[in-house]
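Trainee: Modelling step: build the complete structure from the supplied sequences, incorporating the hints.
First to last, the protein sequences are chains A and B. Heads up, the first sequence is in full-length UniProt numbering, so the first residue is 1 and it goes up one at a time. Heads up, the second sequence is in full-length UniProt numbering, so the first residue is 1 and it goes up one at a time.
Read the hints as simulated data drawn from the structure, not as lab findings. Remember, it's a predicted structure, so these values are computed and weren't measured experimentally. Some clues are possibly wrong.
Where chains are identical, the list cannot tell them apart; a pair therefore holds if satisfied intra-copy or between any two copies.
[As the list claims (entries may be wrong)] Here are the simulated PhoX-like pairs of lysine-lysine, each with C-alpha atoms no more than 25 Å apart in a straight line:
| id | residue 1 | residue 2 |
| --- | --- | --- |
| 1 | Lys100 | Lys119 |
| 2 | Lys3 | Lys169 |
| 3 | Lys136 | Lys71 |
| 4 | Lys71 | Lys205 |
| 5 | Lys143 | Lys104 |
| 6 | Lys178 | Lys136 |
| 7 | Lys143 | Lys205 |
| 8 | Lys178 | Lys3 |
| 9 | Lys169 | Lys136 |
| 10 | Lys100 | Lys122 |
2 protein chains.
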Amino acid sequence: MQKVSDWTIHRLSSYHRLLSEFANEGKEYISSHELAQRAGATPAQVRRDLSCFGTFGTKGKGYLVADLISKITSILGIDRDWRVALVGAGRLGSALFSYKEFRKRNFHIVAVFDSDRHKVGKHWADVQIDHPDDMKSIVRQRKVDIGVIAVPADTAQSVANAMVDAGIKAILNFAHRKLFVPDGVTLRNVNMAMELETLSYVMTKNRTRR
Amino acid sequence: MQKVSDWTIHRLSSYHRLLSEFANEGKEYISSHELAQRAGATPAQVRRDLSCFGTFGTKGKGYLVADLISKITSILGIDRDWRVALVGAGRLGSALFSYKEFRKRNFHIVAVFDSDRHKVGKHWADVQIDHPDDMKSIVRQRKVDIGVIAVPADTAQSVANAMVDAGIKAILNFAHRKLFVPDGVTLRNVNMAMELETLSYVMTKNRTRR
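Mentor: Put into structure tokens, the structure is as follows:
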């Protein structure tokens, strides 16, 4: 299989959502053109992204919506449950915990950690907040797959180390600090300012054009 | 100027961050290869993205880091301040308000709205929480450029309508609801589950490979 960029995976993720919309609208087939238009990409880009994973679509008819949904589901690995540990029970952690889209996409937060002794022992829904000192045993017991870092930048690296030490192989980092993880551990950084920059780009462009 | 996809803009945004890292590391020049490697893209992709905006780089030497930073800054429109109104003073709103990266990238939250009468009148740092009924005059007074929606899905469309009515031309939506805005208004939807799907993709791929 050829090397697939994160950008392709992001787009697949976005195609998946849009295809569900098309399915809800009762569409059976869809062209790369229609999908591209809704995704803010080009038809060539859509075809190139999908071609990384095999041959899809029927000449002249386009893609069978249900079929493409199920194939992307399986490519993204969201046809199974993923068990997530969240570290940081602050504002961001709390927002992430109640973010319904995670659960809808089969990501379940099964453990929450915070080093603040006032928070440890409290419950968020049915999950108890634990101290990071207990991470290793809890991660093992609850079969955690993914760690989410929602702590301030200055403690993010030590949290990442603890996650790696606990056997977590995939980490999503919301802190603004470059983190180092050993080979074999996958790290992704989230930057919410990126979306605002798409907006400032569009507005700057429109202003220049006038 | 050719049509530029949102994905290209996202990558520019990411190149911008990485270039700042390279600058901090004392690098003066950088190749498309080095930039691509850190960005999780291909060198061809990097060159294609930049070529949308003119000619960059010197043959055999690569890109001058400082120069490329300043050009991308200007393309993204982040060489000026942007004034943001946040609607929804709940968990997510609170996390966004304290998200330092926004301010660092010149996005300033200058107004916060919530329809909960218990929240109206309270202050977050130096910003008072106001009722959405006052959106029109406040948006005008504070010269708001961008609206951020951080309310539950079922009220998101009415918030978007109020923003449009108040003259906001760019909206960032965190609610999971397809929103409709008139022509001339730019809408972007944020999906944080997308990043988790990059992780599940990698882990699924690794598992299949073993």
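Trainee: Which of the numbered hints are not met once you compare them with the structure shown?
Mentor: Hint 3 contradicted; others consistent.
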